[in-house]
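J.: Residue strings, one per chain:
2 protein chains.
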Amino acid sequence: MLNFDFTRPIAKELNLVEAKLTENVDSKLSLLNEASNHLIKAGGKRMRPAFALLSAKFFKDDLQEIIPLAVALELVHMATLVHDDVIDNSQTRRGRDTVNKTWGNRMSIYSGNYIFARSLSLIAAYERSDVIEVMADASTKICEGEIIQMLSCYNVELGLKNYLRRIERKTALLISLSCQLGAMLCNNASKNDINALRLYGYYLGMAFQITDDILDFTADEKVLGKPAGSDIRQGVITLPVLYALKNDKHNKELANLIRSPELCVSAAERIIDIIVNSGGIEYAYNVTARFVYKAQRQLEPLPDVAIKSTLLYMTDFIQERAF
Amino acid sequence: MLNFDFTRPIAKELNLVEAKLTENVDSKLSLLNEASNHLIKAGGKRMRPAFALLSAKFFKDDLQEIIPLAVALELVHMATLVHDDVIDNSQTRRGRDTVNKTWGNRMSIYSGNYIFARSLSLIAAYERSDVIEVMADASTKICEGEIIQMLSCYNVELGLKNYLRRIERKTALLISLSCQLGAMLCNNASKNDINALRLYGYYLGMAFQITDDILDFTADEKVLGKPAGSDIRQGVITLPVLYALKNDKHNKELANLIRSPELCVSAAERIIDIIVNSGGIEYAYNVTARFVYKAQRQLEPLPDVAIKSTLLYMTDFIQERAF
Chain Y
260 MLNFDFTRPI
270 AKELNLVEAK
280 LTENVDSKLS
290 LLNEASNHLI
300 KAGGKRMRPA
310 FALLSAKFFK
320 DDLQEIIPLA
330 VALELVHMAT
340 LVHDDVIDNS
350 QTRRGRDTVN
360 KTWGNRMSIY
370 SGNYIFARSL
380 SLIAAYERSD
390 VIEVMADAST
400 KICEGEIIQM
410 LSCYNVELGL
420 KNYLRRIERK
430 TALLISLSCQ
440 LGAMLCNNAS
450 KNDINALRLY
460 GYYLGMAFQI
470 TDDILDFTAD
480 EKVLGKPAGS
490 DIRQGVITLP
500 VLYALKNDKH
510 NKELANLIRS
520 PELCVSAAER
530 IIDIIVNSGG
540 IEYAYNVTAR
550 FVYKAQRQLE
560 PLPDVAIKST
570 LLYMTDFIQE
580 RAF
Chain U
260 MLNFDFTRPI
270 AKELNLVEAK
280 LTENVDSKLS
290 LLNEASNHLI
300 KAGGKRMRPA
310 FALLSAKFFK
320 DDLQEIIPLA
330 VALELVHMAT
340 LVHDDVIDNS
350 QTRRGRDTVN
360 KTWGNRMSIY
370 SGNYIFARSL
380 SLIAAYERSD
390 VIEVMADAST
400 KICEGEIIQM
410 LSCYNVELGL
420 KNYLRRIERK
430 TALLISLSCQ
440 LGAMLCNNAS
450 KNDINALRLY
460 GYYLGMAFQI
470 TDDILDFTAD
480 EKVLGKPAGS
490 DIRQGVITLP
500 VLYALKNDKH
510 NKELANLIRS
520 PELCVSAAER
530 IIDIIVNSGG
540 IEYAYNVTAR
550 FVYKAQRQLE
560 PLPDVAIKST
570 LLYMTDFIQE
580 RAF
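Heads up: the sequence lines are chains Y and U, in that order. Here the first sequence is numbered in the numbering used here, starting from 260 and rising by one per residue. Here the second sequence is numbered in the numbering used here, starting from 260 and rising by one per residue.
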């Protein structure tokens, strides 16, 4: 990995985001507080807040006004995670017990809803209906994405288009939204600037999810915070799998294994073995590189301020992390 | 029950709401459509849309502009129902199979989220940040209410205050919001008008939930669309139960039964018997009457238009439905 801390220009603001996260899920209900704080303390890269702040930094130095947005974006992300953990019946995330393991499914569903509602209040306080509209639209699409992913499991007939649509909604949309909204809250950002950052976030988000999908095969549990091969054990067909299903000499065997929820678990080692040796990892890495290039291109027309190089480095970082 | 159709003045608009409900959950995902349409076709009284429309009718005749709000309010209500059915593991609602019985918990969680996101888009389109703020705030409180209800089950120590807070958030808030927002979208409604309708909805919602809680003891499955005594079987302590726990000669036996999730199911007949004979139903009915009176009082300063008598009748209707 590159030795580069892309959050340095916004370190002060990210500390504020961290404090405000806790403040904003503060409820009179102690159990809800516990569950929410457990989620917050489980950490995470705070990538969405970072992108909102970095995007705004193109247009102004004082980012005070962006903090509530940054907090709201992380809350939306957390709300999706806590519901996903119920769906997947996950026991750990980021190396810690999940909310549903500790407090049960009911608490997880409700705290996800609560956290999402809180993020809504933060966004509403901007009194910017265009911001709310973009956010509502993205939320709808993210929900659809979750359903698409669920329906696509164990289905070896679905191709690249289905995969790209899934990762778009799972990851790229919210990162794209973060960049877009960060810019939208700056008066001096032009429509073209906002659109460029929206697309930057989109392509970078696509690249990020593909590297995540690669890491699920290549990294160990310590790095992932969850067992390696988690996706394929649940029948989630990612880009390296698609490549192997199409091109590997064992592709018929692979398809037969993946079609069966039982075999996805019991024959996981064999499945991973076929995929890792198929060239699918390298293929996925090349696709990542294409998205990274597209993300970089979006930065060209943007104002030439110091932050630009940070966003440029960021794309390299995304690309390198899969190695 | 009173033989009075309070929806007559807005019958045309409610038909439009019905059509738009289906239109607004239309997704390219056929399974999501099926689940959403299943929910819509399961019916319901469309009470929240009706209150929004009736409230607006005080101030204007053409309610075209209120339709998206009315649809959004019903969608919010549906989203809470579909999540509640997962939580309660309900098999039927309004006499039909629930979404989670037919499609499973995962689909229920996602379709609840999707439906809520769709309602958000409808509200966002008004470009009224005050409307969004009120809605976001209510959503947060409704989520808290669900958690309070969950935590209050089987707890015989909690009193009237806890009960009132629960039903406020479970029912009164969204009805209150419906009345308030219906008026807020009319330019000629004064702050006092809006507040009067907000309080009318609040008190009426409280009365409505108490009668609902009474009906859970007195009505049969055909009327309820779910088995009678459902609440107490799940340890939900409602007003008649609170009365019996405090005043009945068998109150120690009752407390011991309710404390145990197993006995709430196996000894449900005995529990219901104690409560029905305790005078708790009559007590709850009297509390309903007090809320109905408060709701009626709110109408006094409102413009004296034809719709006023409808809202007045509505309160009588709520009071009478428990008999």
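It is worth saying that the hints were derived from the structure and are not from the lab. Any given hint might turn out to be false.
Said to hold, decoys possible - Computed Cβ-Cβ distance ranges for the label pairs, DEER-style:
| id | chain 1 | residue 1 | chain 2 | residue 2 | range |
| --- | --- | --- | --- | --- | --- |
| 1 | Y | GLU293 | U | ASN515 | 25 to 33 Å |
| 2 | U | SER489 | Y | ASN446 | 53 to 61 Å |
| 3 | U | ASN414 | Y | ASN447 | 52 to 60 Å |
| 4 | U | ASN454 | Y | GLY302 | 41 to 49 Å |
| 5 | Y | LYS360 | U | SER525 | 51 to 59 Å |
| 6 | Y | LEU571 | U | SER489 | 54 to 62 Å |
In this text, a Cβ means the ideal position worked out from N, Cα and C, and glycines have one as well.
J.: Evaluate each hint against the coordinates.
T.: Here is how each hint holds up against the structure:
| no. | hint | verdict |
| --- | --- | --- |
| 1 | GLU293/Y - ASN515/U: 25 to 33 Å | 29 Å, holds |
| 2 | SER489/U - ASN446/Y: 53 to 61 Å | 54 Å, holds |
| 3 | ASN414/U - ASN447/Y: 52 to 60 Å | 55 Å, holds |
| 4 | ASN454/U - GLY302/Y: 41 to 49 Å | 44 Å, holds |
| 5 | LYS360/Y - SER525/U: 51 to 59 Å | 30 Å, violated |
| 6 | LEU571/Y - SER489/U: 54 to 62 Å | 59 Å, holds |
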